[in-house]
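Trainee: Okay, here's what each chain looks like letter by letter:
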Amino acid sequence: MSALLQPAPPTPAKVSLWRLFRQERGGMVGLGVLGGFVVMAVLASVLVDDSALDVTANVMNPELAPPSPQFWLGTDENGRSVLALVVKGSQVSLLVGLAATAISIAIGTLVGIASGHFRNWFGGLLERLTDWFLVIPFLPLAIVLATVLGHSLLNVIAVIGVTSWPATARLVRAQTLTVEARPFVERARALGGGDWHVMSRHVLPNVMPLVMANTTLTVAVAILSETTLSFLGLGDPFAISWGSMLEGAFVSGAISRGAWWYLLPPGLCVVAVVLAFTLIGRALETALNPRLRER
Amino acid sequence: MLLTARRPRAGLMPYLRRRLLAAVGTVAFVVVANFFLFRLLPGDPIGLYSRGRNVPAEQLVKLRAELNQPVWEQFFQYVRNPFSSTIDSAQFSRPVWEVIGERVWPTLLLVGISTLLATTIGIRIGIRAGWSRGSRFDRVATTSTLIFYAMPEFWLGMLLLIAFGVGVGPLPGIFPIGGISSPGVDTSSPAGRWDVAQHLFLPALTLTLAYLAEYALVMRATLLDEVGEDYLVTARAKGLMDRLVRRRHAVPNALLPTTTLVLMNLGFVISGAITVETVFSWPGLGQLSYQALRGPDVALLQAIFLLFSLSVVALNLIADLVIAVLDPRVQS
Chain D
1 MSALLQPAPP TPAKVSLWRL FRQERGGMVG LGVLGGFVVM AVLASVLVDD SALDVTANVM
61 NPELAPPSPQ FWLGTDENGR SVLALVVKGS QVSLLVGLAA TAISIAIGTL VGIASGHFRN
121 WFGGLLERLT DWFLVIPFLP LAIVLATVLG HSLLNVIAVI GVTSWPATAR LVRAQTLTVE
181 ARPFVERARA LGGGDWHVMS RHVLPNVMPL VMANTTLTVA VAILSETTLS FLGLGDPFAI
241 SWGSMLEGAF VSGAISRGAW WYLLPPGLCV VAVVLAFTLI GRALETALNP RLRER
Chain Z
1 MLLTARRPRA GLMPYLRRRL LAAVGTVAFV VVANFFLFRL LPGDPIGLYS RGRNVPAEQL
61 VKLRAELNQP VWEQFFQYVR NPFSSTIDSA QFSRPVWEVI GERVWPTLLL VGISTLLATT
121 IGIRIGIRAG WSRGSRFDRV ATTSTLIFYA MPEFWLGMLL LIAFGVGVGP LPGIFPIGGI
181 SSPGVDTSSP AGRWDVAQHL FLPALTLTLA YLAEYALVMR ATLLDEVGED YLVTARAKGL
241 MDRLVRRRHA VPNALLPTTT LVLMNLGFVI SGAITVETVF SWPGLGQLSY QALRGPDVAL
301 LQAIFLLFSL SVVALNLIAD LVIAVLDPRV QS
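So the sequence lines, in the order shown, correspond to chains D and Z. If you're matching positions, the first sequence starts at 1 in my numbering and goes up one per residue. If you're matching positions, the second sequence starts at 1 in my numbering and goes up one per residue.
Just so you know, the hints here were simulated from the structure itself, not pulled from any lab data. Just so it is clear, CB atoms sit at the ideal spot from N, CA and C, and this is done for glycine as well. Among the hints, a few may not be true.
[To be verified] Which chain D residues face chain Z? A few, computed with CB under 8 Å, are given here: (1) 34; (2) 37; (3) 148; (4) 178.
[Said to hold, decoys possible] DEER-style ranges, computed between Cβ atoms: (5) 132/Z x 22/D: 26 to 34 Å; (6) 132/Z x 181/D: 56 to 64 Å; (7) 62/D x 80/Z: 38 to 46 Å; (8) 29/D x 314/Z: 27 to 35 Å; (9) 272/D x 231/Z: 36 to 44 Å; (10) 62/D x 65/Z: 29 to 37 Å; (11) 173/Z x 45/D: 50 to 58 Å; (12) 39/Z x 22/D: 51 to 59 Å; (13) 174/Z x 67/D: 41 to 49 Å; (14) 72/D x 171/Z: 32 to 40 Å; (15) 212/D x 330/Z: 43 to 51 Å.
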């Protein structure tokens, strides 16, 4: 990760990157697993009827019942099918993970490039700001923000996005410094290229491959963060996600009643998706970095 | 090689002065951020303080009067007493600082033991996997550490709690299901200590497994970076046994980045115990954070957040010091 990458010019890289990525077995497995979950999330509204998720419509069903022919994965404390909840939960978990990552990567890339490019007080200030945010422990900060802002899906996305950018910023800053030291940037400057031109036309395309590998790893962290925040009761109380299912299981006493069928499925889904993103991220890193490839 | 190098450490003091200055700046930022986070974000601060509770009318009037002062005046009052030492926690009706004080030791016990176990085991796994890359051990170790790395630690905790605390089906539980000791047990007696150890086992196992993965992965990666280096070829050419090449030459160099990571993580590890302490009802700072946010008990939350942030700053400073002594190159 910290190794300095030497990306090739953008256009041919796209072709060869896919060819290199395809050779990574872990990455391809991750891509397959992820594809399955994306299909599940897209089809969730068709597969799961809304009545199966309604708390009041299922009061006649047995509560916290073990798996049976009627409920393949058992039921939750409201008599709802755990299978239906897990399928529906994939939507929020993936949505929050991707949206929060988009915010985090956007802020991180912007701050990283700017703090590497401007060698004056402004760049120094951005660098300090990154260091400060790196020091603040993520979970307590997210808890404070979620408590103060209130509990909604949009706030969860904002909280994760706003708290997870410093690592990306630091990485992008280091890469920006190495790119700006190269002759073609000097040439662009000599020809009269301004700050914006250098940053958007020369630095950005050259940090993009690194940002891409970092993005998939950030999604993994964002999904874990959503699960943790929802488990602590800081998520949207009306949205069903894997994290909110785990909260429901914990609060309703599923542990003391031995209801493993309520705990196991949402957690396994989180592990599968996070693992998939991690494997893809590692494979991308390997494909981008020739030094890693020899391993 | 690096560890035995005897060089004059002329650069140590200026380096430490720089780090200390940076740490002071960070502390200032944290204190300021902590003030504005709770006061200037949208929403009604009084509503936050009093949500879901019966607050006497005169106390509300007092709070409103405080908030009507200019922001800078409020800020000075806050800076004079950042830990709200005289302010009562809404939930416990006792001074915030007193409530926090009694929760520190359980967290240090749990986090300390887990970190110790996770680093020693994780580093060993990383060394063995990295040294015999592609072997069966490496494949199994890397796959399982990646899986543990992808797990929400509280989920792992809940599974262990069901399997070994509550019991599944015909199997009875063998460990207590929560708390730090059984009611009515004197924890200073030998029997009491054994009781605490039994309560400690499952949460410590959870955190160990959760932390171990990262250390093993990083140790493996840094050892792999060293494997191709010339000095190892030299060591082998001297006729040194493989075991000694690894132990005396490769591992000491590869340990540096891992040491950095372990030390830098210490601060974050404490706040990472929030969910696991909650699952196991472990009466530490993590469970206290959960209780504070469920309230929400804003004064308590504010003080805990400040404490967590400051502990990260302090531990990072210690990490900088240790690394500067171990690796003189970073002083420049």
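Trainee: Are the hints correct? Go through all of them and say.
Mentor: Going through the hints against the structure:
1. About 13 Å separates the beta-carbon of residue 34/D from the nearest beta-carbon of chain Z, more than 8 Å, and the hint is not met.
2. Interface hint at residue 37/D: violated, since its Cβ lies 13 Å from the closest Cβ of chain Z, which is beyond the 8 Å cut-off.
3. A distance limit of 8 Å between C-beta atoms decides the matter here; for residue 148/D the minimum to chain Z is near 5 Å, and the interface restraint holds.
4. The closest approach between the C-beta of residue 178/D and any C-beta of chain Z is roughly 18 Å, which is over the 8 Å cut-off, so the hint fails.
5. For residue 132/Z and residue 22/D, the Cβ-Cβ distance of about 27 Å falls inside the hinted range of 26 to 34 Å, so the restraint holds.
6. Separation of residue 132/Z from residue 181/D is about 38 Å and departs from the stated range, judged on CB atoms against 56 to 64 Å.
7. The hint said 38 to 46 Å for the Cβ distance between residue 62/D and residue 80/Z, and at roughly 58 Å that hint is violated.
8. A C-beta distance of roughly 42 Å is found between residue 29/D and residue 314/Z, which places it outside the suggested range of 27 to 35 Å.
9. The hint said 36 to 44 Å for the Cβ distance between residue 272/D and residue 231/Z, and at roughly 42 Å that hint holds.
10. Look at residue 62/D against residue 65/Z: about 55 Å separates their beta carbons, and that is not inside 29 to 37 Å.
11. Between residue 173/Z and residue 45/D the C-beta distance comes to about 40 Å, which lies outside the given range of 50 to 58 Å.
12. Roughly 53 Å separates the CB atoms of residue 39/Z and residue 22/D, a value that falls within the hinted 51 to 59 Å.
13. Remark: the range hint 41 to 49 Å for residue 174/Z to residue 67/D is contradicted by a beta-carbon distance near 25 Å.
14. Between residue 72/D and residue 171/Z the C-beta distance comes to about 24 Å, which lies outside the given range of 32 to 40 Å.
15. Checking the proposed 43 to 51 Å range against residue 212/D and residue 330/Z shows it is violated: the Cβ atoms sit about 30 Å from each other.
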